[in-house]
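Q: Listed below are the residues making up each chain.
Number of protein chains: 2
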Amino acid sequence: MSAIVPVILCGGSGTRLWPRSRKARPKPFLPLVGSRTLFQQALDRCGDPALFGPPLVVAGEAHVPLIREQGGAGLRIAVEPAARNTAPAIALAAALLDPDDVLLVCPSDHHIADIAAFRAAALAAAELARQDCMVAFGIAPDRPETGYGYILRGARLDGGFRVERFVEKPDRATAEGFLAQGGYSWNGGIFAFRASAFLAELAAHRPGMARLVGESAEQGGWADARFDPAAAPWQAIKGESVDYAVMENTARAAMVPADLGWSDIGSWQALHAARGGDAAGNHVTGRADLLDCRNVMVDSDGPRVSVVGLEGVIVVVDGDEILVTRASGAQLVGKLPGPNAP
Amino acid sequence: MSAIVPVILCGGSGTRLWPRSRKARPKPFLPLVGSRTLFQQALDRCGDPALFGPPLVVAGEAHVPLIREQGGAGLRIAVEPAARNTAPAIALAAALLDPDDVLLVCPSDHHIADIAAFRAAALAAAELARQDCMVAFGIAPDRPETGYGYILRGARLDGGFRVERFVEKPDRATAEGFLAQGGYSWNGGIFAFRASAFLAELAAHRPGMARLVGESAEQGGWADARFDPAAAPWQAIKGESVDYAVMENTARAAMVPADLGWSDIGSWQALHAARGGDAAGNHVTGRADLLDCRNVMVDSDGPRVSVVGLEGVIVVVDGDEILVTRASGAQLVGKLPGPNAP
Numbered sequence: 001m002s003a004i005v006p007v008i009l010c011g012g013s014g015t016r017l018w019p020r021s022r023k024a025r026p027k028p029f030l031p032l033v034g035s036r037t038l039f040q041q042a043l044d045r046c047g048d049p050a051l052f053g054p055p056l057v058v059a060g061e062a063h064v065p066l067i068r069e070q071g072g073a074g075l076r077i078a079v080e081p082a083a084r085n086t087a088p089a090i091a092l093a094a095a096l097l098d099p100d101d102v103l104l105v106c107p108s109d110h111h112i113a114d115i116a117a118f119r120a121a122a123l124a125a126a127e128l129a130r131q132d133c134m135v136a137f138g139i140a141p142d143r144p145e146t147g148y149g150y151i152l153r154g155a156r157l158d159g160g161f162r163v164e165r166f167v168e169k170p171d172r173a174t175a176e177g178f179l180a181q182g183g184y185s186w187n188g189g190i191f192a193f194r195a196s197a198f199l200a201e202l203a204a205h206r207p208g209m210a211r212l213v214g215e216s217a218e219q220g221g222w223a224d225a226r227f228d229p230a231a232a233p234w235q236a237i238k239g240e241s242v243d244y245a246v247m248e249n250t251a252r253a254a255m256v257p258a259d260l261g262w263s264d265i266g267s268w269q270a271l272h273a274a275r276g277g278d279a280a281g282n283h284v285t286g287r288a289d290l291l292d293c294r295n296v297m298v299d300s301d302g303p304r305v306s307v308v309g310l311e312g313v314i315v316v317v318d319g320d321e322i323l324v325t326r327a328s329g330a331q332l333v334g335k336l337p338g339p340n341a342p
Numbered sequence: 001m002s003a004i005v006p007v008i009l010c011g012g013s014g015t016r017l018w019p020r021s022r023k024a025r026p027k028p029f030l031p032l033v034g035s036r037t038l039f040q041q042a043l044d045r046c047g048d049p050a051l052f053g054p055p056l057v058v059a060g061e062a063h064v065p066l067i068r069e070q071g072g073a074g075l076r077i078a079v080e081p082a083a084r085n086t087a088p089a090i091a092l093a094a095a096l097l098d099p100d101d102v103l104l105v106c107p108s109d110h111h112i113a114d115i116a117a118f119r120a121a122a123l124a125a126a127e128l129a130r131q132d133c134m135v136a137f138g139i140a141p142d143r144p145e146t147g148y149g150y151i152l153r154g155a156r157l158d159g160g161f162r163v164e165r166f167v168e169k170p171d172r173a174t175a176e177g178f179l180a181q182g183g184y185s186w187n188g189g190i191f192a193f194r195a196s197a198f199l200a201e202l203a204a205h206r207p208g209m210a211r212l213v214g215e216s217a218e219q220g221g222w223a224d225a226r227f228d229p230a231a232a233p234w235q236a237i238k239g240e241s242v243d244y245a246v247m248e249n250t251a252r253a254a255m256v257p258a259d260l261g262w263s264d265i266g267s268w269q270a271l272h273a274a275r276g277g278d279a280a281g282n283h284v285t286g287r288a289d290l291l292d293c294r295n296v297m298v299d300s301d302g303p304r305v306s307v308v309g310l311e312g313v314i315v316v317v318d319g320d321e322i323l324v325t326r327a328s329g330a331q332l333v334g335k336l337p338g339p340n341a342p
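Chains A and B are the protein sequences, given in the same order. Using the working numbering, the first residue of the first sequence is number 1, and each one after it goes up by one. Using the working numbering, the first residue of the second sequence is number 1, and each one after it goes up by one.
These are computed hints drawn from the structure, not numbers from a lab. Where is the CB? At the ideal position from N, CA and C, for every residue including glycine. Among the hints, erroneous ones may be present.
As the list claims (entries may be wrong) - Computed footprint of chain B on chain A; a stretch qualifies when at least three of its residues, placed anywhere within it, have a C-beta under 8 Å from a C-beta of chain B:
1. 86-98
2. 284-293
3. 302-310
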């Protein structure tokens, strides 16, 4: 049976977890939940050799040292000459693997609480991918989130469903309708594709991109577990997400329901939710004294933080930067001067 | 006319402005409002030689270096061998000054916004003191504060009133009644006494204390603008406040109304009030970025503090200690482990 090859995507830095996440220390490479980094946890989840082949990481040059440090010298990395969004990154991985391999595409900066559920969903997705379905994980939604795309399920398949349609980030009322109606899942950016099937779909819907990725792969080369595609054709690619380039165009879109305790850790509030809390909902990393507090999270890399009489507040200390934010306002953190300094 | 001699009391350290105020750097010696420390401002207020004689500071040994550093080498200090509360401290000053001098007793850790009003009240108080009244400043109250004692005014005198009675810290309902009723002022711990009259009242109401202070003063000596009373009799004194020892017992208690913009800076919230704020009520000392905040105070000695979406919150950064407190809960700061560490 063809192998399931984890394809770990390391893109973007993001500002929403500033000041812990910085340009030089982006989110995937931080131990945000537990002692392993999100990137290491992405590798760990696919670390069982009975289920998964050796992973392939796709990343930019800037992240290579962190990937080597955290993933080991033998880990295969395909280095993008420039960021071109997810469709070219996945196509590059598909071009480098065996045509029959199943790519299990995983972002490197998400958290998944239920590893067993993830593996079960991965095996179900791989089965559908072997039948040349383009498979998205349909994350079980627990709130009318407006920050994610949604997937409406269609007819039942073995281990999953056809996709009736993909829906871009909805407004609040629409999201509430989705949850009330049922049949909608979040699109969490986890996919399974047979390599040759993915490349065929890309060639059908984005022939120019497929050709340029193919040239980059053919003219590139491996050295020391690192693949460098040819830069010139890669630079010419017009970046696009796999959702736009493939998933919304293919007639073979499928989804597997996935109730994983999934979070994209998209804000400090989301990180607090992933970390959990004590009886009062408080969570402390580092040194802190909390007095008369509820639903407070403190994360300090050194100084003691003393908090008095607050509810729903997050305090982060990182070197010479201190963030104090209302939890429900944490999505504004990216708009501060701090994370936007040159 | 006899001189008005400012007697500046430097007692207690306090924990309510932790972590800025520490054992080694107590509140009077911090520049909490403006660039001069509270102690320096207490000297400045009485610095006009046309109105006031050279001041006398009464303090413990631990504070002498800070007093010299901030007050100058020539400043007279009477050094208490042990803390015995305010009555013995004032009696020591009275014993060291000319019997006809008027002591203007001032705490060193309060803030007074209206200097002209303070001087006017001091002159009025001195006039009454020259008539052997025991004079308290009656601070105009602006809220039903339960943390201060109150003074009920009696019959009118020239420039002030007799004291009808002193009231210990009231409960909330009682304090609200005082404000509704009128005639009540806060007892802010600022007094004026003729030296010999004070010692006579003390001898009448606390003869043991008066005798021990007298022995300490007689057996002590001056050197380099520093007076050291004899330790043995001083140690034997039973400490007591001037309110209990003298003011509540004397038949000669008087008060001068004093609307000074006074604050004892008894909490971080009180300090925010003394410092004021911008149109949104925010006040920043040091480096801070505030986004969507109201009535937030930040005071950082180094790191940048970024605050998002909060109202009525105070953030203080002092070396390796960070305090984040709800403004209205700031009186609990003293109960944190931080200020109570051995």
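Q: Could you tell me which of the hints above the structure violates, numbers in ascending order?
A: When the structure is compared with the hints, only number 1 turns out to be violated.
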